[in-house]
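Using the hints, put the two standalone chains together into the complex.
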Amino acid sequence: MADEALFLLLHNEMVSGVYKSAEQGEVENGRCITKLENMGFRVGQGLIERFTKDTARFKDELDIMKFICKDFWTTVFKKQIDNLRTNHQGIYVLQDNKFRLLTQMSAGKQYLEHASKYLAFTCGLIRGGLSNLGIKSIVTAEVSSMPAWAEGLIIGLVTPTFIEPISSVGWGQCSSSRSLTSSSIC
Amino acid sequence: MAVCVAVIAKENYPLYIRSVPTENELKFHYMVHTSLDVVDEKISAMGKALVDQRELYLGLLYPTEDYKVYGYVTNSRVKFVMVVDSSNTALRDNEIRSMFRKLHSSYTDVMCNPFYNPGDCIQSRAFDSMVTSMMIQVC
Chain A
1 MADEALFLLL HNEMVSGVYK SAEQGEVENG RCITKLENMG FRVGQGLIER FTKDTARFKD
61 ELDIMKFICK DFWTTVFKKQ IDNLRTNHQG IYVLQDNKFR LLTQMSAGKQ YLEHASKYLA
121 FTCGLIRGGL SNLGIKSIVT AEVSSMPAWA EGLIIGLVTP TFIEPISSVG WGQCSSSRSL
181 TSSSIC
Chain B
1 MAVCVAVIAK ENYPLYIRSV PTENELKFHY MVHTSLDVVD EKISAMGKAL VDQRELYLGL
61 LYPTEDYKVY GYVTNSRVKF VMVVDSSNTA LRDNEIRSMF RKLHSSYTDV MCNPFYNPGD
121 CIQSRAFDSM VTSMMIQVC
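Chains A and B supply the protein sequences, listed in that same order. With this note's numbering, the residue at position 46 of the first sequence is 46, and numbering never jumps. With this note's numbering, the residue at position 109 of the second sequence is 109, and numbering never jumps.
Chain B extracted, bound-state conformation (with noise of 0.2 Å):
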C-alpha cells in the first residue's frame, strides 16, 4: 500500500503526482523530485553493476527513516516513483513489482486515448481509481 504515486514525464515534470495522507503533500513532492537524481544515477552507464540493464524495474531507490522509495522506468523514458511507508515491513519486493505493472498498464491505457495529448497531466478517472486502489486506505 503506497502512500505516495508520481508519474514523471521523459523532461523529468510531472505528469501525475497523488499523495494521502493529504496534509504535508509537500514533503511527499519534494521525496519525488529528490528521488529523479537517484534514478538518473541508476539508469545511467555508470551505474552498470548496480541494477540489471535490461530491466524496467529499479528496486529501492533510497529508505529514509519513515519512508520508502521506490522507482520504475519505461522505455518510453516516463518514471513511476512510488513513497511506501517503512513500517509497513509486509510488504515485499514481488507486490512492488506487481503494483508497478499494473501501473503501467494503466498508463498505457491512457497513452493511447485519443482524448489526451502526451504531455498534458493525466485527469483520467479510470487512472485515479487504479491509484486509489493501490494507496493506503485512511479511514
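Excised from the complex, chain A in its bound form (with noise of 0.2 Å):
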C-alpha cells in the first residue's frame, strides 16, 4: 500500500533531521530524543480529538487502553496491538509483535541501539493523546529484539512512582514486587 511508505519514510527522515541539526551536546543529554516526543504529543493531541469525535463517552482508564490499542492503532499502523496487560494499579504494557516503523530495519543486533529513536515519536503520540483524554501519564518503550519485533510500552499513569526500571532481556525479569494480569485483546 503505497500510504503507509509514506508516513514510514517521513518519519525516518525526521529522526534523522532532528539528529543532524543537533547542537552540541544534545545528542548525549537526549534533548533529540525529547524533541521527537514533544512532536509526537502535539500530533498525539490533534489526532486523539479527531479519532474520539464520533465514540461514545469512555467509562474508565481501561475503556480508554482499550480504545487506544484498537481503534487508535489499527488508525494510525493499521493493525492492532496484539497484547495489553495490567497491573490494575496504573501500569500497562502494550505489546506490538510487529512494530510498523521498525519492520524495514534489518533483522539482528546490529540496529537495536538506534531503535529508541524511532519509538520517540510514537510515545509521544501515546502521552499526547492520554493527555487529551484526561491521563497524565509516562511512556516508555523497548524493542526486546529485531528479528520478533516486539515492542513493549509500559504506560504509568499518574504516579511515576510506579515505573520501575526493566531490563531488556525478557518481561519475566520486570516488576518482581508485583504481579502483572494478563488480559490480551483479541
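Nothing false has been slipped in among the hints.
Below, a list of computed lysine-lysine pairs in the PhoX-like style, where the Cα atoms sit at most 20 Å apart:
id, chain 1, residue 1, chain 2, residue 2
1, B, 42, B, 68
2, A, 98, A, 70
3, A, 70, A, 53
4, A, 53, B, 10
5, A, 66, A, 78
6, A, 35, A, 117
7, A, 53, B, 102
8, B, 10, B, 42
9, B, 42, A, 59
10, A, 66, A, 136
11, A, 98, A, 79
12, B, 10, A, 59
13, A, 136, B, 10
14, A, 136, A, 35
15, A, 117, A, 98
Selected chain B positions facing chain A (in silico; Cβ < 8 Å):
id, residue
16, 10
17, 55
18, 108
19, 111
20, 112
21, 118
A few chain A residues that don't get close to chain B, going by computed Cβ distances all over 10 Å:
id, residue
22, 16
23, 74
24, 78
25, 98
26, 112
27, 114
28, 141
Because the hints were derived from the structure by calculation, they are not lab data. By construction, the Cβ of each residue, glycine as well, lies at the ideal position given by its N, Cα and C atoms.
Written out as C-alpha cells, the structure reads:
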C-alpha cells in the first residue's frame, strides 16, 4: 500500500533531520529524543480529538486503554496491539509484535541501540492522546529483539513512582514485587 | 439560534465565549459559569439514571425564566455550553444536537491547526464565523 510507505519514510527522515541539526552535546543528553517526543505529543493531541469525535463517552481508564489499543492503533498503524497487560494499579503494558515503523530495519543486533530514536515519536503520540483524554502518563518503549519485532510499551499513569527500570532481556524479570495480570484483547 | 456560545476547557476555564447582544455580557458569563456545576453533576457517576452515559450530548442543563441552557461534553472533557432564548419555542432538540455537532467539528479543526497551542483562547476566524452563523442575527 503506497500510503503506508509515506509516513514511514517521512518518519525516518524526521528522526535523521532532528539528529543532523542537533547542537553540541544534544545527542548525549537526550534533547533530540525529547524533541521527537514533543512532536508526537502535539500530533497525538490533535489525532485523539479527531478520532474520539464520534465515539461514545469512555467509562474508565481501561476503556480508554482498549480504545488506544484497538481503534487508535488500527487507524495509525493499520493493525491492533497484540497484547495488553495491566496490574490494575496504573501500569499498562502494550505489546506490538510487528511494529510498523521498525519493520524496515534489518533483523539482528546491529541496529538495536538506534531503535529507541524511532520509538520516541510513537511514545509522544500515545502520551499526547492520553493527556487530551485526561490521563497524565509516562510512556516508555523498548524493543526486546529485532527479529521478533516485539515492542513493549510501559505506560504508568499519574504516579511516576510505579515505574521501575526494566531490563531489556525479557518480561519475566520485570516488576518482581507486583504481578501483572494478563488480559489479551483479540 | 443561540444567544450565547461558550467553549470550556477541561480545567474549567473558558477557551471561547461569545454572546449576542453584547451588553449584559456579564450575565451570560455568570450563567455559563453556574452551568459548569450542572455539567459536572451529569457526567459524574451519581447521575447514572439522568443521562445516557455513552452519549456526548447532555441535553437541557437548566431553564431560567428567560433562557434555557444546553450542554455537551467531548471525550477530551471539553465542554460546550449554549444559551438559548426561552421564547424561541420552535427550536427542537434535534436542531440543538446538530448545532453541537457543528461546534464539535469546528473545535476539532481548531485543535488540529498547527498554529494553535492547546490551552490557548480560540482566535480562529473560521471558528468565529461558524459561531456567528449559529447566533441570533441582531439587526
